[in-house]
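Trainee: If you read the protein sequences in the order shown, they are chains S and B. Letter by letter, the first sequence follows residues 38 to 209 of the working numbering. Letter by letter, the second sequence follows residues 4 to 305 of the working numbering.
Derived from the structure by calculation, the hints contain no laboratory data. None of these values were measured; they are calculated from a predicted model. A couple of the hints might just be wrong.
Calculated lysine-lysine pairs in the DSS-like style (CA-CA distance at most 25 Å, straight line) [stated by the list, open to error]:
hint : chain 1 : residue 1 : chain 2 : residue 2
1    : B       : Lys31     : S       : Lys134
2    : S       : Lys54     : B       : Lys91
3    : B       : Lys46     : S       : Lys108
To give a feel for the contact side, a few chain S residues facing chain B, derived at Cβ under 8 Å [unchecked claim]:
hint : residue
4    : Gly92
5    : Gly95
6    : Gly99
7    : Thr102
8    : Lys108
9    : Tyr115
10   : Thr163
11   : Pro174
12   : Thr175
13   : Gly185
14   : Lys195
15   : Val197
16   : Met201
Some chain S residues judged to face chain B by a derived CB distance under 10 Å, without partners named [as the list claims (entries may be wrong)]:
hint : residue
17   : His97
18   : Gly133
19   : Ala181
20   : Ile187
Just so you know, even glycine gets a beta-carbon here, dropped at the ideal spot from N, CA and C.
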Amino acid sequence: MKQRPKQQPRRDGLEMKRHITLRINGTEEELHVEPWWTLSHVLRDELSLIGTKEGCAGGHCGACTVLIDGKAVMSCLYLAMKARGREIMTIEGLKGKDGELHPLQEAFIEHFAVQCGYCIPGMILTAKAMLDENPNPTEEEIRAGLNGNICRCTGYVKIVDAIMSAAAEAKV
Amino acid sequence: MALRFDYLEPRTVEEAIALLSRYGGTAKLIAGGTDLLNAIRSKLLAPQHVVDIGSIPGLDSFTYDDHGTLSIGALATLRAVETSAQVKNHHTIISEAAGQIGSIAIRNVGTIAGNLCHASPAADMAPSLLALGAKAKIVEPAGERTVALDDFFAGPGRTVLAHDELLVEIEVPAMPPQAKAVYLKHAIRGAADLSIVGVAVMASLEDGCCRNVKIALGAVAPTPMRARNSENVLEGKTLNHALIENAGRAASDECRPITDVRASADYRREMVKVLTQWAIKRVIAENEQANNEAAAKATATT
């Protein structure tokens, strides 16, 4: 349990920052948050979990995707207050016990699915939620599942290949 | 997010109403927040108080009663309704429409009720729910009232909800026994994109005659709208090509689209005609398939 520094009292009439606990990648984090802070802000700017990216800050690009109770969620459109009592997973939490990469991460490397990399944490977490729900997706289903994640480099072909191969590997 | 607000968490519907009453127009409800946070960020809204109904128990359910009426709670997410086997079975169009809103990550958080209350003219749940004759159950300080969805939308971003009222449930009646319904969304980037035109058609085909016809349009008027002239063209008539043609034309004539970044008014009008015709044809095809299957079953048993 990490302790965050105590806050200063404020004079703008609004209530003080709220003291909350979030469960992130299996660790309880104690935080003082403003009620209007989004989860992406708290992850990046309060906890330095900068694997989560913010692209459009409007729910269109998918770069900020994290998993909440196993489901893909845009963390830029999700209040940190709403994440209390839930299990949050960021890209940092995907690695195994001994730091080994997740099969999806391996597949992305294997298939050269990464160019600039900005969309990749969102892509991989979206893919994880997709495969957890449907371990045998068709290419069409993968493409439909990724329609909220924009990549401006790859043209998606290699990303889809990587997810297909990770799904196939998991079956073996 | 630059704008600040106080955050309140009522535990009951009554508490939520009391908070909304106390803060007048300066408070806004939040369910999933995918629309509200965007509106706050782009400075379209600047609520001083945000009332989160997310901790009110029971509001996330969606259930069927003995009459086949589907009740969708205020917190039922788009994704939960989309993937429900029961909804897929009894109200296929609702499941399909819910699956055409945003990405999965948006649908995991966004709610059906929120899509309606945000009152975008392009709200993708609206045409299907209008075509199915849905009703909005609203709680107000004095009690409860029920409003037909036909009377729910008041203008772009506006509904009949007063500042101290809450949409607690959407009631969707069972579809007429033989009716089929289809929602067609026209958008450049698929579900994740806003609709240029949305068309929902419900109808049944009885001895070649159209019955139970309801048609609703999205993104082509200040609010989602019923295309009643188009319905009248079909209702009770024997189906033929000219009739479908005319129904499409009637819908195109009665819609009131604008030109914006997504499309011109003329283009929208043309697409209303085309999509209405396609949707009617799809509904008819589904009807015929169901009739054929029923006939085949009847022959098999005799």
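Trainee: Next, verify each hint and record whether it holds.
Mentor: A quick look at each hint next to the structure:
no. : hint                 : verdict
1   : Lys31(B) / Lys134(S) : violated, 43 Å
2   : Lys54(S) / Lys91(B)  : violated, 44 Å
3   : Lys46(B) / Lys108(S) : violated, 29 Å
4   : Gly92                : violated, 13 Å
5   : Gly95                : holds, 5 Å
6   : Gly99                : holds, 6 Å
7   : Thr102               : holds, 5 Å
8   : Lys108               : holds, 5 Å
9   : Tyr115               : holds, 6 Å
10  : Thr163               : holds, 7 Å
11  : Pro174               : violated, 12 Å
12  : Thr175               : violated, 16 Å
13  : Gly185               : holds, 2 Å
14  : Lys195               : violated, 20 Å
15  : Val197               : violated, 15 Å
16  : Met201               : violated, 18 Å
17  : His97                : holds, 7 Å
18  : Gly133               : violated, 24 Å
19  : Ala181               : holds, 8 Å
20  : Ile187               : holds, 9 Å
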